[in-house]
Structure formats: structure tokens, C-alpha cells
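> If you want the building blocks of each chain, they are given just below.
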Amino acid sequence: MLAIARQRMLGQSFKKILPAVSVLRSYSSAAKQITVREALNSALDEEMSADPKVFLMGEEVGEYQGAYKITKGLLEKYGPERVLDTPITEAGFTGIGVGAAYCGLKPVVEFMTFNFSMQAIDHIINSAAKSNYMSAGQISVPIVFRGPNGAAAGVGAQHSQCYAAWYASCPGLKVLSPYNSEDARGLLKAAIRDPDPVVFLENELLYGESFPVSDEVLDSSFCLPIGKAKIEREGKDVTITAFSKMVGYALKVCLLCSVYLDKLYVSSTAGYARKIKIMSLLYQIRHGHSNKGKKVLAVGIENKISVIDTPLRASLTLLLRLKNTFEKLCLEQVLLKSVKEKLCLSTSMSNAKQNLSGEKLEDEPGDSGSHAAEMLEKDGIYAEVINLRSIRPLDRSTINASVRKTNRLITVEEGFPQHGLGAEICASVVEESFSYLDAPVERIAGADVPMPYAANLERMAVPQVEDIVRAAKRACYRSVPLAATA
Amino acid sequence: MALSRLASSSSSSSSRSADLLKPLCSAISLRRPISTDTTPITVETSVPFTSHQCDTPSRSVQTNAKELLTFFRDMALMRRMEIAADSLYKAKLIRGFCHLYDGQEAVAVGMEAAITKKDCIITAYRDHCTFVARGGTLLEVFAELMGRQAGCSRGKGGSMHFYKKDSNFYGGHGIVGAQVPLGCGLAFAQKYSKDEAVTFALYGDGAANQGQLFEALNISALWDLPAILVCENNHYGMGTAEWRASKSPAYYKRGDYAPGLKVDGMDALAVKQACTFAKEHALKNGPIILEMDTYRYHGHSMSDPGSTYRTRDEITGVRQERDPVERIRKLILSHDLATEKELKDIEKEIRKEVDDAIAQAKENPLPESSELFTNVYAKGLGVEMSFH
Numbered sequence: 001m002l003a004i005a006r007q008r009m010l011g012q013s014f015k016k017i018l019p020a021v022s023v024l025r026s027y028s029s030a031a032k033q034i035t036v037r038e039a040l041n042s043a044l045d046e047e048m049s050a051d052p053k054v055f056l057m058g059e060e061v062g063e064y065q066g067a068y069k070i071t072k073g074l075l076e077k078y079g080p081e082r083v084l085d086t087p088i089t090e091a092g093f094t095g096i097g098v099g100a101a102y103c104g105l106k107p108v109v110e111f112m113t114f115n116f117s118m119q120a121i122d123h124i125i126n127s128a129a130k131s132n133y134m135s136a137g138q139i140s141v142p143i144v145f146r147g148p149n150g151a152a153a154g155v156g157a158q159h160s161q162c163y164a165a166w167y168a169s170c171p172g173l174k175v176l177s178p179y180n181s182e183d184a185r186g187l188l189k190a191a192i193r194d195p196d197p198v199v200f201l202e203n204e205l206l207y208g209e210s211f212p213v214s215d216e217v218l219d220s221s222f223c224l225p226i227g228k229a230k231i232e233r234e235g236k237d238v239t240i241t242a243f244s245k246m247v248g249y250a251l252k253v254c255l256l257c258s259v260y261l262d263k264l265y266v267s268s269t270a271g272y273a274r275k276i277k278i279m280s281l282l283y284q285i286r287h288g289h290s291n292k293g294k295k296v297l298a299v300g301i302e303n304k305i306s307v308i309d310t311p312l313r314a315s316l317t318l319l320l321r322l323k324n325t326f327e328k329l330c331l332e333q334v335l336l337k338s339v340k341e342k343l344c345l346s347t348s349m350s351n352a353k354q355n356l357s358g359e360k361l362e363d364e365p366g367d368s369g370s371h372a373a374e375m376l377e378k379d380g381i382y383a384e385v386i387n388l389r390s391i392r393p394l395d396r397s398t399i400n401a402s403v404r405k406t407n408r409l410i411t412v413e414e415g416f417p418q419h420g421l422g423a424e425i426c427a428s429v430v431e432e433s434f435s436y437l438d439a440p441v442e443r444i445a446g447a448d449v450p451m452p453y454a455a456n457l458e459r460m461a462v463p464q465v466e467d468i469v470r471a472a473k474r475a476c477y478r479s480v481p482l483a484a485t486a
Numbered sequence: 001m002a003l004s005r006l007a008s009s010s011s012s013s014s015s016r017s018a019d020l021l022k023p024l025c026s027a028i029s030l031r032r033p034i035s036t037d038t039t040p041i042t043v044e045t046s047v048p049f050t051s052h053q054c055d056t057p058s059r060s061v062q063t064n065a066k067e068l069l070t071f072f073r074d075m076a077l078m079r080r081m082e083i084a085a086d087s088l089y090k091a092k093l094i095r096g097f098c099h100l101y102d103g104q105e106a107v108a109v110g111m112e113a114a115i116t117k118k119d120c121i122i123t124a125y126r127d128h129c130t131f132v133a134r135g136g137t138l139l140e141v142f143a144e145l146m147g148r149q150a151g152c153s154r155g156k157g158g159s160m161h162f163y164k165k166d167s168n169f170y171g172g173h174g175i176v177g178a179q180v181p182l183g184c185g186l187a188f189a190q191k192y193s194k195d196e197a198v199t200f201a202l203y204g205d206g207a208a209n210q211g212q213l214f215e216a217l218n219i220s221a222l223w224d225l226p227a228i229l230v231c232e233n234n235h236y237g238m239g240t241a242e243w244r245a246s247k248s249p250a251y252y253k254r255g256d257y258a259p260g261l262k263v264d265g266m267d268a269l270a271v272k273q274a275c276t277f278a279k280e281h282a283l284k285n286g287p288i289i290l291e292m293d294t295y296r297y298h299g300h301s302m303s304d305p306g307s308t309y310r311t312r313d314e315i316t317g318v319r320q321e322r323d324p325v326e327r328i329r330k331l332i333l334s335h336d337l338a339t340e341k342e343l344k345d346i347e348k349e350i351r352k353e354v355d356d357a358i359a360q361a362k363e364n365p366l367p368e369s370s371e372l373f374t375n376v377y378a379k380g381l382g383v384e385m386s387f388h
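So the protein lines, in turn, are chains U and C.
With UniProt numbering, letter number 345 in the first sequence gets 345, and the count goes up by one each step, no holes.
With UniProt numbering, letter number 4 in the second sequence gets 4, and the count goes up by one each step, no holes.
Rather than coming from a laboratory, the hints here were simulated on the basis of the structure.
Computed from a predicted structure; not experimentally measured.
Lysine to aspartate or glutamate pairs mimicking EDC-like chemistry, simulated, CA-CA at most 20 angstroms apart:
1) U:K53 with C:E196
2) C:K194 with U:E81
3) C:K379 with U:D51
Produce the complete structure using the sequences and hints provided.
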């Protein structure tokens, strides 16, 4: 929006922003923070301590302390019989790991990145995933394949692919992907304890990030269920599904969207009859949209100005709909009808700007995040963010329940768009909740190109917060055309 | 038996032992119990062993009547079973892949005689006879081949996916060469758990060039795993002769730093001797390679006549000169451990056993429809639903 307006907003509604932030970040009263790296390390440590059959295998997991230091200290603690450095032979050591699992041990095989898992993919799929089925239950394979997955920073095409969709399509595998430290601990422990082959997709860029964890999470018996997604943030306008790093982006989107404005000035140059129409619409908004208890408090028309105390979202919903007279996106039948009325409102917007401060204000150039904030503040979208946690099995019931509540869906993933996770989630929602959808499902994914190296191209090849914001707006209003696709 | 031997002594080419046994036989008019006789007999292997980076075991093999007759019975059973499978395939009761092992029986049988059920075996897709050697029943074989409930994998695996975990038989593997790292993994687990047992990972001359084999061998040698890599060299990888596939077809030498032994794979006693030697070696010194020089009479699979890349003369030649069942039969006869008639009776019995098993398997039902979704996971979650 406008600088002064923003300041005023911040001043007035700081109290509203702050709770939004802390709600995002705290899980209980404990304030201990650990990095994802520490979470993974402690999970491995505890599971190895609890079960002597668990052992680690991979390149540089031992003396190097782990290529990304995830296995730091474990060689010293458990010795070279349980923490095994392998030569650079993925097919060989993965096969050995699977064979050891056939015989009842519980290997945790590390791939330095999942790009290298392609060298061993026959063993993951044909030797591990399918064995229990082909042997009718005789040969179970309690193995975990773990490592960083997806794009890092500037590592180029051969080191940046996301394998979630590939592994998740294979029956017999379980595929997990944590976002924060709690996820990392709980899901890795669940994976190690699980008697089936689990592909555990971490993210290099998240390793160093800290997240608060409760005492319950730090307890050695802590475990998360496989197959359950987590609603990271509740909302009501649009569902955003994501996993791993993209959960962080989606939450940022929410943060930007949740700002309230106390007052909005609406003026109309329309005739009296139309003013009455606006009034009735505003009353309907009052009854139809009450966000977080902030209802429409006063409606009045003074000369050409109506002063409304309302959650920003509601008023801007009205504004934009009245402005974009031929746009349809509408939740209530009543509002739909009025959209067809042509009312001139753009001047009223600028009048409003002037009225606030008497100065003419301009948009500030800023980072995409706050610019996105500005855009989304106007729209007042409350997105519900689902952290998938489990890619296979996919928690279809949580996703569908959320879509039935919000009626709109955006899927976010870093990987290639074709045949990706978004496609599966979209299909699932179309199959089970079609009549609840008010807008087409949108997929945000990486660009359909091998990952480029140059910083600007790389940035374009991976979803950014603005992309999610744009999609959220499109899903709610359809006022912004789809970005051009290659 | 004594009379027939006297009558045919002039034409028989039996060894000296027949002459020595003659007076004994004539003295005993009652049939002695042959199948449980464990008096040691020493037999020389057909050819000496050749080695790479290790000593060779002795050519003299200790055996006894019981063992030889068990060899005969088991190999004749396997032979009959595979030939019956051929007919079933042609009758379209077996579908998909069917890779037959007839000609190679000595490897399965000789190996089993040298080891215990604590030792693990993993092989590739030519696994019917190895499964039987590990204790699998004929019914389980035929039912699995025909995709029925009584099959060892309840009809869900097929010809290439026979398993018997309680005998430490880990399959049955469809991807060429993949079973070798898996076998080294089994050996790893045995060492980790201090089992004092070994793993035999079998593969063919076609698989011998697989990179993952060398990767696994490297790790096994580094970590001193009790892994025995057994190359069943039947000289043809599908339709490609070994000299066309391998720059160096001396597979027992391909381990380089790992010792190797070349064995006549058509001689069950030589196989047994080599496996005993290898087990001892692997428990002390880590991986060793055994190359079994063997031969398959059938083509690669049922869709391969087996004659486009080799001559019929070659096949009949091997059948006449080196057939493993015939070798044991001659051995038994020459040592007077049984009469020809007794051996023929055993074969008749086997034929009946096989026919009965086939009849039983044919009666057996196909799996229930609900079995489509079972065993995908050991611990299912009830979250995935079938698609309507």
C-alpha cells in the first residue's frame, strides 16, 4: 500500500501482526530452539542407542562427520562397525544395505544428495520397495534412505532435482519430507522404527535453520505418525499445500496476508439508488464475513464517502469486485449480482489515499516480500497452510477437509511441474471434493527446465514467495492473469 | 545285483571297486539298506580345480552312499520338475517368464551338501531348483509357477521370485546382477550379528560384467564380509556366448584381489568340495569367487529355443559326456550302492511325485481378489485406499 498508510497500519495494528507471528512459531510454552541438523543428529543418535540393529552407511558419514555434518559424533560414539564409510559406489552400497535389511538389520543409508540415488534406484525400487509384496510378506525391508533433496544454491542442473514425485509414485515405499526441527526428529524416528523401506527427503538449505521445539519433541520416545499432514496455519480462504522448504515460503505468504486495516474509506460518485445498493451490500458483508471477530461496525454515507469499520479483507473484497465488474469470483450470491453494476471506484481509492494523510503517496520499491505484503494486505487472504510431512502415503483426508473448508487450493513444490506432487493432489481433490471447489486448482512448481546456474535464472526456476502470493490472489479473485508459461 | 554284475562284468567299465565288492556282494544274499549307509567313500573329482590367488582344495572328495543317493534323487527330481515345467509352459498354465535349470542341478545340490540352513543363498531368476534344494516343496514350486495360492509367494511373485526365509533363501531376483550386492548385504548382516555363517550369491556369466558386482566385491573385501560369489558359468548370457560378452571369460580371476576357484559345475562332488573350501575361506579371509563350469540344456527361457546361438551337437555332446545326473548314476552303479532297477524305481517314484504335485497345484485356486492389496507394506497404515 502506501508508506504512511503502512506506518499507521503498523502502529494501529501492530498488536494484530505480532500474535500472528508468535502463533506461527510457538508450539508450546518451551522456547528451546534447535536446528534441523541437530534434530536429525539427535534422532539418529537416539535410535541407534535404542536398537543395536540400526546402523549407518554412506559416503563420509564417519570420519568426515557427515558431508553436511548430520552424522557428527556418531562414529566416535558407536564405532566403525555401526557407522560405515563407503566408497563412492551407490549401486553397490545401497544393494548391500538392502541385503542387510533382508536379513533383519535396520540400515540407514545416506545419499550425499538424492541426485546420486539414481545410481542406486534399482535397489530402492526393485530390491527394497517390491520385496515384501513379491514374497507375500516373507521378506520385509526395514531400511531408511535419507539425504538432502531438491535445489540448493547455485549447484547446477545435476545436483538440484527433487525426487519426491518419483519415489512417491512407487507402492511399497514410504516417502517423508520434514520441514522444521520437530518434523525432522519425529519423522526420522518414525522412519527408522518403521518395518518398511522409507525414503526420507531432507533439504540442505533447512539444515542450518533453527526452530523452537517443546520438551515433548526433545524426549527420546517422540515420534510422529507416518501418513499425517500438519496444518501449520489455519485459514479460511485458500488452502496451500507444501512440503519441506516450501512450507516456510507458504507461511511467509500467510504472514503477509494477515494484516488488518482498521478503517477504509470508500467513496462513490454513483447516484443515490446505487449508494443504497452499496449500503445493502456492506450490510451483507457485515453479516457474511466476520474475520477474527472484527465485524462491520458502522456504515454510513456522508456526501460521497462511506466510512466503514471492517476487516480489510471484506472491504477490499467489495472494492475489487465492484471495480472489476466483470470478474466473477464470489462467495456469496448477493455480491455476485452486484458485481455486474458498473461503479467507478478507482478515483475513490485515490481520494481515500489523499484523505488519510493529505499527501500524495507512492508505492515504495522494496523486497518482494513486503511488496507481496502490500498486495496481499489489500486482498486480506487468510490462507490455510498444510505441511504435508508425508508424501507417500499422502494425507488425502486432511487436504480434502481443508479444501472443503476454503474452496480453493494451491499446491506448492520445488520440483518439476509435469507429473509432480501438485498433479496428484489436484487429482485427489477433484476426485473427492470437486463440488466444493470455487476456483481451478493451481500448481506452483519449479520451472520446467534443468536448473540453471546463473543467480537470476536460478531464482526464476524455483518458486518464490511472490509466485505463491500471485496464485493466492488468482485463486481468490482471478483478477491477475496467469503468469506466462514457457 | 551280484548276479547281474557277474554277468555283465566283461562289458562293464566299472572301476576296480566293483571287482573288490564282488565277493562281498555274492556273500550277502539279503539286500543291504543302501540309502542310509554312511561308510565313507572317496571319489576323485572329474577335473582338478584351478585357482587364482589361493590354494586349491584336494581332488579327493569324501562322500558316502547316503549322500550319493540323495544327490541322485534330488537331481533327478529337479530334472523331472524342470521338464514338467516346460510342458506346463507350453500348455499355457505358466505365463510370463520361465527360466529352466536342467543341466545345472549339480551346483544347487552340491552346494547344499556343503552348507547348513544358517548359511544364506541368493540367486537370480533361474531359481526353481535352488529353492527346492533349500527345502521348498514341489507343490510350492508348481503352484507359484501357475500363480496359485499354495505357491511359495502365494502366487504374487512368479517364476523369478521364489523365497524361503526360514531356510535363509532370499530369492529369486529378476534384475541381472542386483542379487550380488544384496548377497553381500546378507553376508554383512551375518558378520554384524556374529552368526559364523556365510552367504552364497549366485550369478551367471552374463551378470559377471555388472558394475555393481565389482562395487559390492570391493566393499566386501574392504570389510572382510563372509561372501562367496558363485558364477554359474553356463557359457551363454541369454543368446550371447561368453567370448562375445566378456573380454576376460576367466570369471574366477575377475575378482582381481579376491581369490577365485574354477570348478567343474557338472560334478556335484566337486561343487561340494569347492563350497566347503569357500565357506572356510570366507569365514576367515573375506570374499572368494567360485566359477562353476556348467551348462543349461534349455534356452535362456521358454521363449528361447536355445539353438540359434549354439549347435544341437554341442547340447547333445554335453548331455552325453557331462550330464550331472548320469555322472552320479554311474558312480552309484560302479560302487554297487544300488542296482539299475533301484535307480529306475527312484526315477519312477519321482515322476509320480511330480505328477501328483502338478495335479494338486492345478486344483489349487488363484489368490483371492483382496490379495491384490496385501503385503504392499509390512506395516500398512490404512491411509491409502484403493482407487475406485
